[in-house]
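If you read the protein sequences in the order shown, they are chains A and B.
Here our numbering is used: position 241 in the first sequence is 268, and no number is missing along the way.
Here our numbering is used: position 520 in the second sequence is 876, and no number is missing along the way.
These aren't lab readings, by the way, just hints derived from the structure by calculation.
We put the CB at the ideal spot given by N, CA and C, even for glycine.
Mixed in with the good hints, there may be bad ones.
Claimed, not checked - In silico DMTMM-like links for lysine to aspartate or glutamate, alpha-carbon gap of 25 angstroms or less: (1) Lys626/B with Glu114/A; (2) Lys626/B with Asp107/A; (3) Lys629/B with Asp124/A; (4) Lys149/A with Asp164/A; (5) Lys629/B with Asp148/A; (6) Lys862/B with Asp107/A; (7) Lys862/B with Asp164/A; (8) Lys57/A with Glu201/A; (9) Lys149/A with Asp130/A; (10) Lys626/B with Asp148/A; (11) Lys57/A with Asp97/A; (12) Lys57/A with Glu870/B; (13) Lys626/B with Asp97/A; (14) Lys149/A with Glu114/A; (15) Lys57/A with Asp148/A; (16) Lys862/B with Asp207/A; (17) Lys626/B with Asp236/A; (18) Lys629/B with Glu114/A.
As the list claims (entries may be wrong) - Ranges of calculated distance between the beta carbons of each label pair, as one might list FRET restraints: (19) Gly125/A with Pro835/B: 28 to 38 angstroms; (20) Glu56/A with Gly541/B: 28 to 38 angstroms; (21) Asp124/A with Val639/B: 43 to 53 angstroms.
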Amino acid sequence: MTAQQPDPARPAGPVAALSIRGLAKRFGEKIAVDGISLDVPAGSFFGIVGPNGAGKTTTLSMATGLLRPDFGTAVVHGVDVWARPLEAKRLMGILPDGVRLFDRLTGEQLITYAGLLRGMDKDVVASRVGELLAALDLSQDAGTLVVDYSAGMTKKIALASALIHAPRLLVLDEPFEAVDPVSASNIRSILDSYVASGGTVIVSSHVMDLVQRMCDHVAVVAGGRLLAAGTVDEVRGGVSLEDRFVQLVGGRSHTEGLEWLRTF
Amino acid sequence: MVAHLLRLKLTLLRNGLRRSPWQLVGMAFAGLYALSVVATLVVVLVLLRQAEHELVYTAVVLGGSVAVLGWGIIPVVASATDMTLDPARFTTFAVPMKQMLAGLALGGLIGIPGLATALVALSTVVTWSRGVLPALAALVGAALGVLTCIVLSKVVTTATVSLASSRRFKDVSAVAFMVPLVLLGPIVAGVGRGITASTGFLPDFARTLSWTPLGAPWSLAGDIAAGRPGEAALKLLLSAAVLAGLAWCWKLLLERALVTPPYSGSGKRKGGKLGLLGLLPAVPAGAVMARALTYWFRDPRYSGSLIVIPLLPVVLVFQGSQAGDFSTLAFLAPLSAFILAWSISADVSYDNTAFALHLASGVRGVDDRLGRALACLAFALPVVLVFAAGSAAFTGDWGPLPGQLGLSLGILFTGLGLSSVVSARYTVAVPLPGDSPFKKPPGNVGQTLAVQFAGLGVLLVLVLPEAALLIAQLVTGNPLFGWLNLAVGLLLGVGLFVAGVRLGGKWLDGRGPELLAQVTVNR
Numbered sequence: 028m029t030a031q032q033p034d035p036a037r038p039a040g041p042v043a044a045l046s047i048r049g050l051a052k053r054f055g056e057k058i059a060v061d062g063i064s065l066d067v068p069a070g071s072f073f074g075i076v077g078p079n080g081a082g083k084t085t086t087l088s089m090a091t092g093l094l095r096p097d098f099g100t101a102v103v104h105g106v107d108v109w110a111r112p113l114e115a116k117r118l119m120g121i122l123p124d125g126v127r128l129f130d131r132l133t134g135e136q137l138i139t140y141a142g143l144l145r146g147m148d149k150d151v152v153a154s155r156v157g158e159l160l161a162a163l164d165l166s167q168d169a170g171t172l173v174v175d176y177s178a179g180m181t182k183k184i185a186l187a188s189a190l191i192h193a194p195r196l197l198v199l200d201e202p203f204e205a206v207d208p209v210s211a212s213n214i215r216s217i218l219d220s221y222v223a224s225g226g227t228v229i230v231s232s233h234v235m236d237l238v239q240r241m242c243d244h245v246a247v248v249a250g251g252r253l254l255a256a257g258t259v260d261e262v263r264g265g266v267s268l269e270d271r272f273v274q275l276v277g278g279r280s281h282t283e284g285l286e287w288l289r290t291f
Numbered sequence: 357m358v359a360h361l362l363r364l365k366l367t368l369l370r371n372g373l374r375r376s377p378w379q380l381v382g383m384a385f386a387g388l389y390a391l392s393v394v395a396t397l398v399v400v401l402v403l404l405r406q407a408e409h410e411l412v413y414t415a416v417v418l419g420g421s422v423a424v425l426g427w428g429i430i431p432v433v434a435s436a437t438d439m440t441l442d443p444a445r446f447t448t449f450a451v452p453m454k455q456m457l458a459g460l461a462l463g464g465l466i467g468i469p470g471l472a473t474a475l476v477a478l479s480t481v482v483t484w485s486r487g488v489l490p491a492l493a494a495l496v497g498a499a500l501g502v503l504t505c506i507v508l509s510k511v512v513t514t515a516t517v518s519l520a521s522s523r524r525f526k527d528v529s530a531v532a533f534m535v536p537l538v539l540l541g542p543i544v545a546g547v548g549r550g551i552t553a554s555t556g557f558l559p560d561f562a563r564t565l566s567w568t569p570l571g572a573p574w575s576l577a578g579d580i581a582a583g584r585p586g587e588a589a590l591k592l593l594l595s596a597a598v599l600a601g602l603a604w605c606w607k608l609l610l611e612r613a614l615v616t617p618p619y620s621g622s623g624k625r626k627g628g629k630l631g632l633l634g635l636l637p638a639v640p641a642g643a644v645m646a647r648a649l650t651y652w653f654r655d656p657r658y659s660g661s662l663i664v665i666p667l668l669p670v671v672l673v674f675q676g677s678q679a680g681d682f683s684t685l686a687f688l689a690p691l692s693a694f695i696l697a698w699s700i701s702a703d704v705s706y707d708n709t710a711f712a713l714h715l716a717s718g719v720r721g722v723d724d725r726l727g728r729a730l731a732c733l734a735f736a737l738p739v740v741l742v743f744a745a746g747s748a749a750f751t752g753d754w755g756p757l758p759g760q761l762g763l764s765l766g767i768l769f770t771g772l773g774l775s776s777v778v779s780a781r782y783t784v785a786v787p788l789p790g791d792s793p794f795k796k797p798p799g800n801v802g803q804t805l806a807v808q809f810a811g812l813g814v815l816l817v818l819v820l821p822e823a824a825l826l827i828a829q830l831v832t833g834n835p836l837f838g839w840l841n842l843a844v845g846l847l848l849g850v851g852l853f854v855a856g857v858r859l860g861g862k863w864l865d866g867r868g869p870e871l872l873a874q875v876t877v878n879r
């Protein structure tokens, strides 16, 4: 199966929650993202999978206005992210991977801060903060400084900060990393009902199983290029997503050559 | 294995430098500074060769004791030790303990403090080259002394590692360490006066110290040269025993540290307290201000510079009492205004990648700038007013107050405006979030210096009117210039403040992603 590259000349349809065209970025000698075009349908639960260093984070950063692309455009619900950034960011909730938080605030303060930064009303923020803390099982630690949180709790509080303004599009980079199974399934049910009510979620992950169970659409990225995109069933074509992924990405090293590992 | 550990340390050092040429420049500056200090000490020690025995003995033993004490104390309070060869990183490698100890100890020598100590210690051999035996004793003493320094610092850091890794201790010790640092002038002056007042006492003190682990290794050569071989032998035994004891302690501590990773937990705390976020207006700029103010008190990198402020009058009053003339108090308010205003010029660098939240939320640049500047202003304004009025009250001379206020407020507002512009465009190398304020920051030292100096230059130019009016008042003695200065300082200052916030905001809107990319490099 060939990658379903959307036609770069075609303008983004009104149905696309996120539509990126020819995004490319290089860091010095290394080309991190090499012309990715992708349409994320509104109301979909969209997974982006790829090996380490495939360019997932770079692509999502460029699509959300955190990293200026060398080439290409990103459009969120018809708003160009790089031409009208403030407007586009109002539509998006972003959980970036590998960035710090203002961790000298308590968990409660951090979510409140994220809400107030977006110019939300004080009382609305207060009631949503309480609900988010309860839903993510953080009420007991709401007054603890984020710097003293565990990795999973930190992830959850960052997710809460991304949800507070009820965005139309959620872009979550590695949202389940270090999150315990109970919290992960809580988060999944929150995201499921969010999608059911018309929101769009984009998650990046390298846990294929999770993506296969959770998402309805998936894109496979490797080496800065888009290898396949479509509904999960289209992309995996009868086999498991993990097998399909290994086929597409290749590079599965054969176990020859490590014989000494069996000689202990 | 020892050679492996040493090579690892060298490779780490080299790769660290390879990350950017500026790192090399920074290292070169640090090296030059250390070199000048070391060179001075070496020359002094070489010259001491001709000096009379008692003076040399006193100087070497006291100096050596200070070095040992420094290696013992500084790593704890500064919590900024070089952890490139952190034993915890070797837990999975099953390195034999003896070789690990030897490797880590020798590794401690590599690096500027270790090399400097070793070089200075070795030059005592020249000092005592008044005969074969004293020179030999000096060599043994220097080796023992330097090893004691290094092993002591390892013992201390290993023993306090679980304490030092608790965030609360780090925060408190980092801020507390500022106090003696700022009061260094008065302390040194006090000690200096004590020394000159009791020159007769020092040789006795050195003799006493030479019987303690601090001074024993440094006194071997002196005792031999003075014809006290018995004493020297005893002290050799003492210092060897101390070194062995320290090494044994280190081994025990290390064995324990390798199997008990530091735990830095803290109790659960329910929410309900929004602090300043609940008090200040619920608009973006208000939220930024509340967050920044919270950081001023909770983040040691900020509160470290905050604690300097109340100490400034102490230093200046002390200096005035020494000179019998309190005219330097005139600098108090302008200096505090400058320190506080300039402290937010690295605000985004201090945020590090947490700045991504501002960028992702689509905060307008003006709100970001205004919030940060107002947070600083909230306490800087009262501080400057109180300091200006306080120094006038202290000297009883109220005449210069309006001019003083004009200059100080001018510096404060202009500085805040300029800082708002600078931090919107340039990043500087600062300690990372959670690190000690004394830790050598990663990244571009050269650019940091360039930004700081250029910024200071611009600030000097911008406050020229106020400075000129102050000088005019001093020269003519006409109080009108003072009142004029107050008006100019306020009007021009506030004008530049507003302009700075707006320009900074505009730059931030345009270049937010680039700024985030710059701080990402140093994360």
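Now the hints, each set against the structure:
Pair hint Lys626/B plus Glu114/A does not hold up; C-alpha atoms about 35 angstroms apart against a cutoff of 25 angstroms. For the hint pairing Lys626/B with Asp107/A, the CA-to-CA distance comes to about 41 angstroms; that exceeds 25 angstroms, so the pair is violated. Restraint check for Lys629/B and Asp124/A: not satisfied, since their Cα atoms lie roughly 28 angstroms apart, outside the 25 angstroms limit. Straight-line distance between C-alpha atoms of Lys149/A and Asp164/A comes to about 22 angstroms, which keeps the hinted pair within the 25 angstroms bound.
Of the pairs offered as hints, the one joining Lys629/B and Asp148/A holds, with about 18 angstroms between alpha carbons and a cut-off of 25 angstroms not exceeded. For the proposed pair Lys862/B and Asp107/A, the alpha carbon gap of about 20 angstroms is at most 25 angstroms, so the pair holds. With a C-alpha separation of about 40 angstroms, the suggested pair Lys862/B and Asp164/A falls outside the 25 angstroms cut-off, and the hint is violated. As the CA atoms of Lys57/A and Glu201/A are separated by approximately 23 angstroms, the hinted pair is consistent with the 25 angstroms bound.
Pair hint Lys149/A plus Asp130/A holds up; C-alpha atoms about 21 angstroms apart against a cutoff of 25 angstroms. At most 25 angstroms may separate the alpha-carbon atoms for a hinted pair to count; Lys626/B and Asp148/A meet this at roughly 23 angstroms. With a C-alpha separation of about 13 angstroms, the suggested pair Lys57/A and Asp97/A falls inside the 25 angstroms cut-off, and the hint holds. Distance hint between Lys57/A and Glu870/B is fulfilled; the C-alpha atoms sit about 18 angstroms from each other, no more than 25 angstroms.
For the proposed pair Lys626/B and Asp97/A, the alpha carbon gap of about 45 angstroms is over 25 angstroms, so the pair is violated. Restraint check for Lys149/A and Glu114/A: satisfied, since their Cα atoms lie roughly 21 angstroms apart, inside the 25 angstroms limit. Among the hinted pairs, Lys57/A with Asp148/A is inconsistent with the structure: their alpha-carbon atoms are about 44 angstroms apart, more than 25 angstroms. Distance check on the hinted pair: Lys862/B and Asp207/A sit about 42 angstroms apart at the alpha-carbon level, beyond 25 angstroms; violated.
Restraint check for Lys626/B and Asp236/A: the C-alpha separation of about 35 angstroms exceeds 25 angstroms, so the hint is violated. Distance restraint check for Lys629/B and Glu114/A: the Cα-Cα separation of roughly 32 angstroms exceeds the 25 angstroms cut-off, and the hinted pair is therefore not satisfied. The hinted range of 28 to 38 angstroms is not satisfied by Gly125/A and Pro835/B, whose Cβ atoms lie roughly 60 angstroms apart. At about 51 angstroms, the beta-carbon gap between Glu56/A and Gly541/B misses the expected band of 28 to 38 angstroms.
Hint check: Asp124/A to Val639/B, Cβ distance near 30 angstroms, so the stated range 43 to 53 angstroms is violated.
Against the hints set out earlier in the document, violations occur for numbers 1, 2, 3, 7, 13, 15, 16, 17, 18, 19, 20 and 21.
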